[in-house]
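In the order they appear, the protein sequences are chains L, F, P and Y. Be aware that the first sequence starts at 5, since it is given in this note's numbering, and climbs by one per residue. Be aware that the second sequence starts at 5, since it is given in this note's numbering, and climbs by one per residue. Be aware that the third sequence starts at 5, since it is given in this note's numbering, and climbs by one per residue. Be aware that the fourth sequence starts at 5, since it is given in this note's numbering, and climbs by one per residue.
Just so you know, not all the hints are guaranteed correct.
One copy or two, either will do: identical chains are not told apart, so a pair holds if it fits within one copy or between any two.
[To be verified] Each computed SDA-like pair below joins lysine to any residue, with the alpha-carbon atoms no more than 25 Å apart:
hint	residue 1	residue 2
1	K138	L51
2	K60	E83
3	K85	K127
4	K79	N163
5	K127	L28
6	K60	S92
7	K60	N11
8	K85	R61
9	K85	E48
10	K85	R59
11	K125	S92
12	K93	D43
13	K39	D14
14	K125	L97
15	K85	N136
16	K93	E48
No lab work stands behind these hints, which were simulated from the structure alone.
There are 4 protein chains.
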Amino acid sequence: MIEITKNLYDECVELLNSRGVTLLDIANCVLLLQKEYHDNLTVEECLNEVNCVLRKREVQHVIMTGISLDIACEKDVLESKTIEEIMSKDYSLYGVDEVMAYGICNLYGSIALTNFGYIDKIKPGIIEELNNNKEKCNTFLDDIVGALAAAAASRLAHNSR
Amino acid sequence: MIEITKNLYDECVELLNSRGVTLLDIANCVLLLQKEYHDNLTVEECLNEVNCVLRKREVQHVIMTGISLDIACEKDVLESKTIEEIMSKDYSLYGVDEVMAYGICNLYGSIALTNFGYIDKIKPGIIEELNNNKEKCNTFLDDIVGALAAAAASRLAHNSR
Amino acid sequence: MIEITKNLYDECVELLNSRGVTLLDIANCVLLLQKEYHDNLTVEECLNEVNCVLRKREVQHVIMTGISLDIACEKDVLESKTIEEIMSKDYSLYGVDEVMAYGICNLYGSIALTNFGYIDKIKPGIIEELNNNKEKCNTFLDDIVGALAAAAASRLAHNSR
Amino acid sequence: MIEITKNLYDECVELLNSRGVTLLDIANCVLLLQKEYHDNLTVEECLNEVNCVLRKREVQHVIMTGISLDIACEKDVLESKTIEEIMSKDYSLYGVDEVMAYGICNLYGSIALTNFGYIDKIKPGIIEELNNNKEKCNTFLDDIVGALAAAAASRLAHNSR
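Extracted from the complex, chain L is given alone in its bound form (with noise of 0.2 Å):
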């Protein structure tokens, strides 16, 4: 059995920094998608919320797979320069980054899939950054902070109530 020796919690988290998004980022997404039905709510509460999502295995290698993906993309070393070009022009046709993303809200649940498609239409704070940002490919960077931000939402939303 292969043994996993890295923390791979830590190595998310230093993807996702090296790439320009903090889990502040994350929880101010958080905080936007869930004041109006929790009164108080804290930056401090969605952050927890998100460190939890960040823990589980599948979410990890999410992200890890999905930021490599942008990173080779801007390297030129993707085996099809078709899917290069399509990433490097974020054509809205393109779903894989959407599918990868339901690989990670699908664990939370029907509240988390519907966040995560109100989050990519209004496309919050971090995420329009991403979006604008033409320096860097973040077609699936986008797409992942938005369903980190969902399924954050959604475990606060059943543990609240």
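Given the structure of chain L, go ahead and fit chains F, P and Y onto it with the hints provided.
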């Protein structure tokens, strides 16, 4: 092999109408979702896409099952009184209605899923009306209508580009 | 906010029992799915995982809704007689039962989904019995039992490695 | 709007061939899945369904992305070395490959999903070969082939009844 004698498309349209939903209502939701991406998009084109979605067998099964559940809840004939209570109060953590709606959206890819999440939050036109109608149990119906609109919007996006 | 006074776990166990399914039946399916991967796996360990799955709110909602649908079909109280005919003959292209089962599996990741597909084909033990019982409508129940077993198998796989 | 000049269908067939998979290999998996339900089913009919699946844009995107990931892993050019290790050892709890395969199956409904789960366990013909090939990284490819076969089997089931 079972012989489905009645035309399922007709039955679905009748069921929707009997619950206060016209195909034009759904087409108007599609128009709202897609008009910013298509100049000169008409409600007739949207209606055409809604009709295509309604001709798919798996879609028809979801419509007939979901509306039957809503009506059974109203009539107080479901075995589990807990589920009737949950459905009639539209309990926010009940997600089986969304799960069933994904049975429609998934057939139309990731664009349908994100559109569903968005429409589920902003509740345009007919969906808001269904939600506000306190005399009926529309727990499954409002999500079905949202899913039909999201699926039609995805068809439009894929076919026009 | 709605107050769920009755213990939902107890209600689900009672509903399953009333339809001829014990938690031990489900645990035996889990054992079948996982014994080749775990030496000395016992049915008690499998039962423990089934119990964990049954404590999740979204799982409970699917069980209560699905079994209520089966019983409503038997009692001939569903609005759509077409759906009753489809359900009572267990029409092979009807897929709403599987869609609802995915509402359970998705919460436990991709291992749960592949196990569900496998169990749905080989129909071990209790699932074959439910399928062969022509006096009852078990359209939703057999998929729910398969999903519970698949979810518990996924929990076991993730926790033991 | 991006202009996809190269024919995506052709690129997908070439990519599959370059990794040792012919469309006939996939058609044979379909035949295996469906022959008990259709008397006199031929491999030509199965091949026809596989071709229909391969003409869908979302399917093409998954094929090109997944195979590009496999090749990037072989070439050791992915950013996350942990993911490369996980992929190259085909770690059983890694599920992103299945998540991506569901992006194909979901488009063809619940029959495709259950067939995928089954084929993923029994690993017929080409899928077993891909799994046993230790010189290549086929982590994504084997699930993509299974998903293509499952999707084609679902098309066959829906169209022939």
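Hints numbered earlier in the text: which of these fail when held up against the supplied structure? Of the numbered hints given earlier, those the structure breaks are 1, 3, 4, 9, 13 and 16, listed in rising order.
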